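S.K.: Produce the complete structure using the sequences and hints provided.
Just so you know, the protein sequences line up as chains A and B, in that order. In terms of the working numbering, the first sequence is residues 1 to 452. In terms of the working numbering, the second sequence is residues 1 to 54.
Treat the hints loosely; a few may be bogus.
Some chain B residues flagged as far from chain A (calculated, every beta-carbon gap over 10 Å) [unchecked claim]:
1. 7
2. 10
3. 38
4. 50
5. 52
In silico lysine-lysine, DSBU-like type, Cα no more than 35 Å apart, as pairs [claimed, not checked]:
6. 44/B - 41/A
7. 379/A - 361/A
8. 421/A - 435/A
9. 161/A - 44/B
10. 41/B - 41/A
11. 12/B - 165/A
12. 12/B - 149/A
13. 7/A - 51/B
14. 361/A - 289/A
15. 382/A - 435/A
16. 127/A - 96/A
17. 10/B - 128/A
18. 128/A - 12/B
19. 292/A - 323/A
20. 10/B - 178/A
21. 105/A - 10/B
22. 12/B - 273/A
Calculated directly from the structure, the hints in this document are not laboratory data. Keep in mind it's a predicted model, so treat the numbers as computed, not measured. For glycine and all other residues, C-beta sits at the position ideal for the given N, C-alpha and C.
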Amino acid sequence: MATSIYKKLVSLSNVFYNEGLEKASVRDLTGAMESLHQSLKLDKNNINARNLLGLIYYETGEVVAALSEWVISKNLQPDENIADEYMDMVRNSPSKLEDINQTIKKFNIALNYCHQESLDLAVIQLKKVLSLNPGFIKAHLLLALLYLKAGNWDRAKVEAKKVIKLDTGNTLARRYLKEADSMLLPGESGKLVSDIASSGNDEVIRYNSGNEMIIQPLKKSALTRTGSIWGIVLGIALGVAASCFLILPQRIESITAGNKEKIANISEESDAKSAKLSEYEQKMASMDKQIKDLQAQVDSYEGVDSTSASMNSLMKAMDCYEKDSSDIEGIAAALENVDLDVIRDSVSPEFLELYETLMSKVGPSLATSYYNTGYDAYKAKKYDEAIANLSKAYQYDNTNVNTLYYLANSYAENGDIDKAKEKYDAIVTDFPNTKTAAAAQTKLAEINNSGN
Amino acid sequence: MLNFEEELRKFKPSLEIEDAEDIIYNRDLDDMSDVIVKLLKDAKSEADNSKRSR
Chain A
1 MATSIYKKLV SLSNVFYNEG LEKASVRDLT GAMESLHQSL KLDKNNINAR
51 NLLGLIYYET GEVVAALSEW VISKNLQPDE NIADEYMDMV RNSPSKLEDI
101 NQTIKKFNIA LNYCHQESLD LAVIQLKKVL SLNPGFIKAH LLLALLYLKA
151 GNWDRAKVEA KKVIKLDTGN TLARRYLKEA DSMLLPGESG KLVSDIASSG
201 NDEVIRYNSG NEMIIQPLKK SALTRTGSIW GIVLGIALGV AASCFLILPQ
251 RIESITAGNK EKIANISEES DAKSAKLSEY EQKMASMDKQ IKDLQAQVDS
301 YEGVDSTSAS MNSLMKAMDC YEKDSSDIEG IAAALENVDL DVIRDSVSPE
351 FLELYETLMS KVGPSLATSY YNTGYDAYKA KKYDEAIANL SKAYQYDNTN
401 VNTLYYLANS YAENGDIDKA KEKYDAIVTD FPNTKTAAAA QTKLAEINNS
451 GN
Chain B
1 MLNFEEELRK FKPSLEIEDA EDIIYNRDLD DMSDVIVKLL KDAKSEADNS
51 KRSR
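M.R.: Below, the structure written as structure tokens:
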């Protein structure tokens with residue numbers, strides 16, 4: 001009989017445990033706690049029920065109650081008990097346990113403040129508690145109650161909703177929520193009866209939304225009408241600014257595109273001009289070449305001219321000789337521009353024969369005339385004049401060594417050392433074993449010794 | 001309208017860690033079977049007493 005009763009109790013206890021488990025699974029923590037208490041009253045050895053009750057206490061922030069259940073559970077069933085794991089979880093994080101204990105102490109202090117009617121301090125304390133342990137249901141509920149007392153319906157509603165989110169079956173939270181809702185005007189969310197009632201002023205409605213107080217004007221005053229004008233002005237200004245920001249970039253882009261096109265055209269023109277320039281340069285180069293060729297031709301023609309001029313001069317000299325063979329000066333003047341050394345290669349053998357014939361007749365006389373003039377100039381130290389006349393004298397008579405010697409001296413005195421050395425060499429070569437050659441040798445030695 | 005004082009009385013101080021030991025020791029763990037056993041014992045002792053008095 002007794003056994004069957006015991007079995008019935010155990011069975012009934014398990015029914016309540018299942019109910020508690022089902023409620024806990026939908027976060028109806030209050031309902032679950034009630035069912036589990038029932039279960040444990042029927043059978044204190046229902047370990048599962050006790051452990052689950054401890055877990056629910058832990059979830060609601062009642063850590064000490066939770067630990068108590070787990071310790072009793074462990075005593076009742078020392079082996080294979082999940083309560084071990086739960087207690088280890090708490091033991092292994094002592095700092096967290098300490099934080100939880102601090103929140104519990106602060107909650108108790110807050111509750112004490114409430115009894116002492118220091119409600120503001122209690123609110124502050126509870127806010128601290130919830131910042132440390134947001135799952136502490138009792139703290140949320142007490143804070144909601146304090147907000148209700150202070151007339152902060154909206155905040156009370158927020159706190160009550162938080163509790164319902166944590167514990168869907170919390171009747172106290174539902175009561176507070178209902179109370180807060182009843183204080184709000186139906187259909188006008190957030191607007192408070194108390195505010196409307198207390199507000200003798202028709203111009204504004206004050207109401208709380210979250211942590212903020214919102215003041216909303218009811219009637220449009222002259223000031224608000226002015227405000228609307230300012231709003232229109234501001235809107236126009238913003239519109240202008242927006243159009244500037246939207247249109248200006250496009251405008252800048254189109255201008256930039258135009259400039260790029262212009263730059264491309266200019267670049268093309270520049271390339272074309274560069275090509276033309278190089279073409280002109282090539283043409284100039286070819287023309288320079290043509291000019292040089294033509295100049296060469298002109299130079300070649302000059303030689304012809306010189307030859308023909310020399311022929312004319314020779315003919316003139318022959319004419320003078322035939323008219324008056326003693327007119328040495330006239331013959332000399334006619335032959336002035338004839339330099340046989342220059343034209344020798346370009347003249348005909350007949351010309352040379354005629355020239356030699358004339359020279360055999362008048363050459364010595366011409367040479368003597370030029371020699372005398374040149375020697376006088378040499379004596380007078382007019383070396384340029386001496387060089388010109390003595391050169392002519394030597395041209396007409398190259399057998400007179402004195403002509404060549406004074407010519408060399410004139411070059412030496414005039415500073416034309418190379419020419420002087422050339423002439424002295426000619427003396428030594430052409431007139432060897434003469435006193436003049438010895439003198440020329442001495443002059444050459446002097447020039448060489450002087451470093452030239 | 002809620003009565004603040006009445007509502008406040010529903011809130012009890014939370015259990016602190018330091019009190020855990022006392023709470024566990026002083027916990028009344030009796031369940032329904034303990035109550036029944038006690039009732040049966042009481043009933044039995046009453047029956048014994050009545051027998052002796054007869």
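S.K.: Is the straight-line distance between the alpha-carbon of residue 128/A and that of residue 12/B 35 Å or less?
M.R.: Since the Cα atoms of residue 128/A and residue 12/B sit roughly 19 Å apart, the hinted pair holds (cutoff 35 Å).
S.K.: Would you say residue 10/B is clear of chain A, with no C-beta pair closer than or equal to 10 Å?
M.R.: Violated, since 7 Å does not exceed 10 Å.
S.K.: Holds or violated: are the alpha carbons of residue 127/A and residue 96/A at most 35 Å from each other?
M.R.: Holds. Residue 127/A to residue 96/A sits at ~18 Å (cutoff 35 Å).
S.K.: Determine whether the non-interface label on residue 7/B survives the test: each CB of chain A must be over 10 Å from its CB.
M.R.: 5 Å, violated
S.K.: For a C-alpha distance cap of 35 Å, please report whether residue 12/B and residue 273/A respect it.
M.R.: 102 Å, violated
S.K.: Checking a non-interface call: every C-beta of chain A should be farther than 10 Å from the C-beta of residue 38/B. Is that right?
M.R.: Answer for residue 38/B: holds, closest chain A Cβ roughly 13 Å.
S.K.: So if I understand the rule, the pair passes when the alpha-carbon distance is 35 Å or less; does residue 105/A with residue 10/B pass?
M.R.: It holds: about 18 Å lies between the C-alpha atoms, which stays within 35 Å.
S.K.: Please work out if residue 292/A and residue 323/A have their alpha carbons no farther apart than 35 Å.
M.R.: This hinted pair is violated, its Cα atoms lying about 46 Å apart.
S.K.: Are the Cα atoms of residue 44/B and residue 41/A separated by 35 Å or less?
M.R.: 24 Å, holds
S.K.: Over 10 Å to the closest beta carbon of chain A is the bar; see if residue 50/B clears it.
M.R.: About 21 Å separates residue 50/B from the closest Cβ of chain A, which puts it past 10 Å; holds.
S.K.: Hinted pair, alpha-carbon criterion (35 Å max): residue 12/B, residue 165/A. Please report holds or violated.
M.R.: 22 Å, holds
S.K.: Would the pair residue 421/A and residue 435/A pass a check requiring their Cα atoms to be no farther apart than 35 Å?
M.R.: 17 Å, holds
Hints 1, 2, 9, 14, 19 and 22 from the list above are not met by this structure, while the remaining hints are.
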